[in-house]
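Undergrad: Top to bottom, those sequences are chains H and P.
One point on numbering: in this note's numbering, the residue at position 9 of the first sequence is 9, and numbering is uninterrupted.
One point on numbering: in this note's numbering, the residue at position 187 of the second sequence is 187, and numbering is uninterrupted.
No wet-lab data here; the hints were simulated from the structure.
Take these hints with a grain of salt, some might be off.
Using 20 angstroms as the maximum straight-line C-alpha spacing, the simulated SDA-like pairs for lysine to any residue come out as follows [said to hold, decoys possible]:
no., chain 1, residue 1, chain 2, residue 2
1, P, Lys35, H, Lys171
2, P, Lys36, H, Asp116
3, P, Lys155, P, Gly179
4, P, Lys2, P, Leu92
5, P, Lys65, H, Lys171
6, P, Lys35, H, Leu143
7, P, Lys36, H, Lys171
8, P, Lys35, H, Asp138
9, P, Lys36, P, Asp70
10, P, Lys212, P, Arg265
11, H, Lys26, H, Leu143
12, H, Lys171, H, Pro82
13, P, Lys35, H, Arg107
14, P, Lys212, P, Gly179
15, P, Lys212, P, Arg114
16, P, Lys35, H, Gly114
17, P, Lys77, P, Gly42
18, P, Lys35, H, Pro101
19, P, Lys36, H, Arg107
20, P, Lys36, H, Pro198
21, P, Lys65, P, Met97
22, P, Lys36, H, Arg36
23, P, Lys2, H, Lys171
24, P, Lys2, H, Asp116
25, P, Lys36, H, Asp138
Label-pair distances were calculated between CB atoms; the ranges are [to be verified]:
no., chain 1, residue 1, chain 2, residue 2, range
26, H, Gly190, P, Gly153, 51 to 59 angstroms
27, P, Lys2, H, Ala104, 40 to 48 angstroms
28, P, Ser303, H, Lys171, 32 to 40 angstroms
29, P, Ala30, H, Ala104, 17 to 25 angstroms
Chain P is nowhere near these chain H residues, computed Cβ spacing over 10 angstroms in every case [claimed, not checked]:
no., residue
30, Lys26
31, Glu79
32, Arg98
33, Arg100
34, Pro101
35, Arg103
36, Leu105
37, Gly106
38, Thr108
39, Asp142
40, Arg160
Virtual Cβ for every residue (Gly too), placed ideally from N, Cα, C.
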Amino acid sequence: MNAAFRPAEPAAPRPAEGADGDAGHKAVLEAPDIRRALTRIAHEILERTKGAEDVVLLGIQTRGVTLARRLAARLEEVEGRPVPWGSLDVTMHRDDLRMRPARALGRTDLPAGGIDDRVVVLVDDVLFSGRTVRAALDALNDLGRPRAVQLAILVDRGHRELPIRADYVGKNLPTSKRETVRVLLAENDGRDAVLLGPAASPPPGPARRPAADRGAGR
Amino acid sequence: MKRHLISAADLSRDDALLVLDTAEELAQIADRSIKKLPTLRGRTVVNLFYEDSTRTRISFEAAAKRLSADVINFSAKGSSVSKGESLKDTALTLEAMGADAVVIRHGASGAPHRLAGWVRGSVINAGDGTHEHPTQALLDAFTMRRRLGDLEGRKVTIVGDVLHSRVARSNVLLLNTLGADVTLVAPPTLLPVAVDSWPCSVSYDLDAVLPKSDVVMMLRVQRERMNAAYFPTVREYSRRYGLDAERLAKLPEHAIVMHPGPMNRGVEIAAEVADSPRSTITEQVANGVSARMAVLYLLLGGSEPAIGAEVPA
Numbered sequence: 001m002n003a004a005f006r007p008a009e010p011a012a013p014r015p016a017e018g019a020d021g022d023a024g025h026k027a028v029l030e031a032p033d034i035r036r037a038l039t040r041i042a043h044e045i046l047e048r049t050k051g052a053e054d055v056v057l058l059g060i061q062t063r064g065v066t067l068a069r070r071l072a073a074r075l076e077e078v079e080g081r082p083v084p085w086g087s088l089d090v091t092m093h094r095d096d097l098r099m100r101p102a103r104a105l106g107r108t109d110l111p112a113g114g115i116d117d118r119v120v121v122l123v124d125d126v127l128f129s130g131r132t133v134r135a136a137l138d139a140l141n142d143l144g145r146p147r148a149v150q151l152a153i154l155v156d157r158g159h160r161e162l163p164i165r166a167d168y169v170g171k172n173l174p175t176s177k178r179e180t181v182r183v184l185l186a187e188n189d190g191r192d193a194v195l196l197g198p199a200a201s202p203p204p205g206p207a208r209r210p211a212a213d214r215g216a217g218r
Numbered sequence: 001m002k003r004h005l006i007s008a009a010d011l012s013r014d015d016a017l018l019v020l021d022t023a024e025e026l027a028q029i030a031d032r033s034i035k036k037l038p039t040l041r042g043r044t045v046v047n048l049f050y051e052d053s054t055r056t057r058i059s060f061e062a063a064a065k066r067l068s069a070d071v072i073n074f075s076a077k078g079s080s081v082s083k084g085e086s087l088k089d090t091a092l093t094l095e096a097m098g099a100d101a102v103v104i105r106h107g108a109s110g111a112p113h114r115l116a117g118w119v120r121g122s123v124i125n126a127g128d129g130t131h132e133h134p135t136q137a138l139l140d141a142f143t144m145r146r147r148l149g150d151l152e153g154r155k156v157t158i159v160g161d162v163l164h165s166r167v168a169r170s171n172v173l174l175l176n177t178l179g180a181d182v183t184l185v186a187p188p189t190l191l192p193v194a195v196d197s198w199p200c201s202v203s204y205d206l207d208a209v210l211p212k213s214d215v216v217m218m219l220r221v222q223r224e225r226m227n228a229a230y231f232p233t234v235r236e237y238s239r240r241y242g243l244d245a246e247r248l249a250k251l252p253e254h255a256i257v258m259h260p261g262p263m264n265r266g267v268e269i270a271a272e273v274a275d276s277p278r279s280t281i282t283e284q285v286a287n288g289v290s291a292r293m294a295v296l297y298l299l300l301g302g303s304e305p306a307i308g309a310e311v312p313a
């Protein structure tokens, strides 16, 4: 909502103290920053894959799917032809399944052409421990055999626990392990922003259901 | 906290919808070349079958294997049960083997409930006597939802041997939870005494109910459980309560015909009806695997079960 007040070109990071109730949360990216980051990632994908000929975008549930849809639209704008995209739910492949109550599953939807021999670009909102991406790689294994798999991420907050890195990064965000990073997207949350907040009240571990905290908890 | 699925009434509306939604996602697995998920790796599921079964046992086995659980099949025939071992001693044996879930089918109503007090794992009722068969009700509701959409306000008619049917009881309870209107149609001799306490209505006239039904579920005439004369002849039963082509024509366009199997073709359902495109009988079998995968995942997948009820030890 404060996007309405800002000039077209916002200067470097401003302390936009959560204007709407996210007490203690600092917006590190606002809607225009996210828009620019996605546009840049789209161009990088085109450059790296030489026109995105065989590319399939697969968003990881939940916000990764929104980002994949937006990226697909950007690629189509630039290249003038549709780029297939789909969604991937990795719940059943997670290594922390047994540490929390069983969760509802999201949808896995592959585009009609499948992923065999394609270049799959996995898309997610936050890259943290890398465990979600590992689960996604495992899930892909059962769905087909892509020629290559790449990773596009809106925010890389560091603290990897596995040897995984992103090919396309919207923003590198140095954080402490105790901080939380929340990505809000208009389609899911009513507005676009990336919020950096102090440690979540319940420490990562037991019983918190919503998939919304994935970027923060994991 | 240990939770079980012994009665369809163990599921709240949210639980039931969670199972159906989960089953919907898991149904996709059946279309893939690799029909397997690593979710229950290292968990042990024991199939404890004291009564004959084709569909249910194979369905539970397929469901557990698709989720990568280890499956131990036990059938009373050829086990120490024929030497006189009691249910409790068998249960303690399973306990010693570390079963995370026990799927039990037993001829005595209430056996799963007793078992739940003896083992550490979750107990899933796969049919006990004439009491309940909750996963059948779940797969039936799943099948209805896939064909007809939301079940709220749908008219479901269950026809036949309600007295001996665990499927009917579980379906009445679950469909009521999901907001459907259930009508039982049966000869008075094949209705349980306390049927007026069930959340459904009762009719003796199939032809009057058919035009208003979205779903007709035919029940098997369970001759193996009949130790008295419940109706004069099979022919008369078939004429009054069987579903033939003529009666099928009375159903609304969109209505579907279900049967939990095994069928007595020519008794409760005519062969041409069973094989018609409005019959969901083979679909029900395929959906059974998805529904049971959902139940196993929600009971065993996480740190604690997400559905079901506790049983005081």
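Undergrad: Of all the hints numbered above, which does this structure not satisfy? Sort the numbers upward.
TA: Of the numbered hints, 1, 5, 7, 10, 11, 12, 15, 17, 18, 20, 22, 23, 24, 26, 27, 32, 33, 34, 35, 36, 37, 38 and 39 do not hold.
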